[in-house]
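Could you use the hints to bring the two separately framed chains together as a complex?
Quick mapping for you: the protein sequence lines, in order, are chains A and B.
Mapping of the first sequence onto the working numbering: residues 1 to 100, in sequence order.
Mapping of the second sequence onto the working numbering: residues 1 to 392, in sequence order.
Hints were generated in silico from the structure; no laboratory data involved.
Idealized CB from N, CA, C, for every residue including glycine.
Each hint should be verified, as a subset may be incorrect.
[Claimed, not checked] Using 30 Å as the maximum straight-line C-alpha spacing, the simulated BS3-like pairs for lysine-lysine come out as follows:
1. B/Lys375 / B/Lys279
2. B/Lys250 / A/Lys51
3. B/Lys114 / B/Lys15
4. A/Lys36 / B/Lys325
5. B/Lys45 / B/Lys325
6. A/Lys17 / B/Lys250
7. A/Lys3 / B/Lys15
8. A/Lys51 / A/Lys17
[As the list claims (entries may be wrong)] Not the full set, but computed from the structure, chain B residues with beta-carbon under 8 Å of chain A:
9. Asn110
10. Ile166
11. Phe167
12. Glu170
13. Ser190
14. Phe246
15. Lys250
16. Pro326
17. Gly330
18. Arg334
19. Glu338
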Amino acid sequence: MAKVLIPTALRAFTEGKSEAEVSGKTAGEVIAALAKTYPDLKQHLFDEGGKLRSFVNVFVGDENIKNFGGLDAPVSENETVTLVPAIAGGNADLCMGACL
Amino acid sequence: MSVLPGIIEDSRLNKLSNEEISRYSRHLLLPQIGLEGQERLKAAKVLIVGTGGLGAPLALYLAAAGVGTLGIVDFDFVEESNLQRQIIHSTNDIDRPKVASAADRINALNPDIKVVPYNTRLTSENALSIIEDYDIVADGTDNYQTRYLVNDACVLLGKPNVYGSIFQFEGQASVFYAKEGPCYRCLYPSPPPPGLVPSCSEGGVLGVLPGIVGTIQANEVIKLIIGGGNSLVSRLLLFDAWEMRFRELKLDKDPGCPICGEQPSIHELIDYEQFCGLKPDHEEIPVDTIEATELKARLDAGDKLQIIDIREPHERAISPFPGAKPIPLGQMTRRIDEFDDQIDSVFLCKVGQRSVFAIRALQEAGYKGKLLNLKDGVNAWARDVDNNLPQY
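For reference, chain B alone in the conformation it holds in the complex (with noise of 0.2 Å):
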């Protein structure tokens, strides 16, 4: 069991007004909660990093429990693609600032809540003076250099980080706190170079999947808040949708933790990007891009073209691109020999990112023919080219 010590001191407890207490009354009437639990959750402060697939329940859930103030940090638009999980938003909110949807959801589901938007990318620079003021973060972002960043800061400044990510149909979550167990680098030290993401493979995400994650984070933050139940500290709660499988694994503390170990080596926040390779490294070999357009052309012209589509066959079948030869892209340097070097190849995926992947992996296996990458991928050839191909 980890019963952690409550984290909003009493003094900042104020008595909930008649009002209150009917809108809580089925909290109320928990003896877990009580009248002192719903006490805290109305004082308590939570931030929620990222305002999309888990972060969409998070602040549902929270603004419905009573949190009294949520600070919700963000920087993206809604888009279109986002409604089939990312629950907060709606079709009228498309090309909104997610932060601004989110604010009025909350708002029109509780309006006793405060809520706090920071419409701004969480950064080195602003995510100490940020999370300074609240008690508790609850991590609901997409990307290794944010969650890297949400962790150091919250073992500097000493706060919980209620963890949850997401991939296709799986998910994970914890509680990492410095004070009481292990944080994110105590699992990974270090995050995947951009070059082997196996998830960059294969996109797609199951809309229920991060309700379901999200929730179990919000459950997590409320018992921090009301200081009761077991926690998530220490432990690393693993789901999956497909198999409806929930397994529990035990988390330890690193004595060799850069940051929260013995002997910390990380005294402050670092350049993100930077860790988690994101910034291009001037050795790296420049990737020849085509454009969509010309490469009509070549093919008009009768050009002899090895056109390669590195996506999975489902994916394929969203918008299939006439005339190119399947290789997926966990399947590239096996088959290396059926490439022609004589002939220029083209590769192709969704938007043109993961096939520079494709083309990297033949240069380092020693491929010597001419490889170009399709600029924007499928999506382009459907906007300039072929407008009877859908964009996805």
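Next comes chain A alone, as it looks inside the complex (with noise of 0.2 Å):
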């Protein structure tokens, strides 16, 4: 099982779960089990062609996918996957382009 950390910003599609423990021995494996539990979640990881959106990284370890075989990087047992979504932030006063 590898340990999936959720942002705030998509943890609204996650029940508010910080963490999930999910198998998979790629991080393509291991982030489409992630989408399967939280179907509301998949949009905003993959685009209509099942790639990974371009505003959201993932790393395994410390590592990046994109240096080690995207999808395919291998993911050991009791490994940490994190999910880093482009932020912005700041302005949460108004609900506009500018509060992204």
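See below:
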């Protein structure tokens, strides 16, 4: 099992959970298993073509999967997988383009 | 270790006065800073983009540290709800331009600092000419279009971009410096489209959080100026204030990066609103709206309506809308079967922006019933119909 750390920005789609234990031998399998448990999360992680979205990074340990195989990056037992979406924040007063 | 070459040339250094030596003695006593480091701080010119949550501690600490020239860019005015975190502004400053309020505070803290206020929005037209005059840019903005603009301008001009970003309880910090490591686009080639913005579903930020992240940025700025210590370049620092946890991830330069990679395709600043998907798409289906007073009239006339409150429970509690059915934005399409398409539906949130995303989600899921957006949200209802409800 891998431990996935879910950032606040995505917790609205994981019933508020900040961590999840899922199984998978690659980063792709781990994230797919997570998206299966939390279907609302899927569109925020993958585009229509099933590719990881450009504003979400996935780290296995402290390495970005971009640098070692992308979604095929191996995940060993008890590894920590971290989702790091882009955040722009500060302005929480208005919900417009400016507060994305 | 990422020890970067100093960016302040020796020819720019001037001796400190006796008054300055007294003022900065606690820096001078540190062998890593000393007289020469303080002279570098005095010679340095730093541009702070945004004088909000991140810009406030950045400006205060850099002024206190004796950074000789501080440029501050902001087009906004101080609002009451800013004061929970933007500690450079005070209650007396409400409705003043943020740069005026910030400049006064910086001058009061350290009259030796030259403050250059830019009471304008940073744009593709003015960014290069403003940033050109500075050694370092500290990014304290709150939106994607300005973040990509700051990044691209810094890459094109060869300047370091000291980055910080916050959301609720979480922060990120790094130093993007294309000469020495990755840029922001190496990490995030493009921003989320506005319709897919998780952060929009819940606003709010812990007031202390930008204080911590902005102070980390100030620390990185000072090390870049002095030319010592281990820089955050090629590292992404993640901070969770609720869990009180710092994590550090490795960042690498992306050889395919469109602006700092081996074969860059971007050679000048672009239209960042378009890049961030903020210009309306003409093919988009229009969303019908309903004014608060009109909704009141229809309810008084006994019209049958489905009123959907898309806010999360804690937000609904601030200003509850009587009779509305709560369906949080994140669950909209999953709960499409709970709607009766023979009855008009009215969607509401705080100011009527997130509710548009709820309507679009249902339209895209093929819902055929009538969907109306409460214009200006619950705040309009509180303003125009029920004065007992708070606006927030």
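We went through each hint and held it up to the structure:
no., hint, verdict
1, B/Lys375 / B/Lys279, "holds (20 Å)"
2, B/Lys250 / A/Lys51, "holds (22 Å)"
3, B/Lys114 / B/Lys15, "holds (17 Å)"
4, A/Lys36 / B/Lys325, "holds (27 Å)"
5, B/Lys45 / B/Lys325, "violated (54 Å)"
6, A/Lys17 / B/Lys250, "holds (25 Å)"
7, A/Lys3 / B/Lys15, "violated (55 Å)"
8, A/Lys51 / A/Lys17, "holds (24 Å)"
9, Asn110, "violated (25 Å)"
10, Ile166, "holds (5 Å)"
11, Phe167, "holds (4 Å)"
12, Glu170, "holds (5 Å)"
13, Ser190, "holds (5 Å)"
14, Phe246, "violated (12 Å)"
15, Lys250, "holds (5 Å)"
16, Pro326, "violated (14 Å)"
17, Gly330, "holds (4 Å)"
18, Arg334, "holds (6 Å)"
19, Glu338, "violated (15 Å)"
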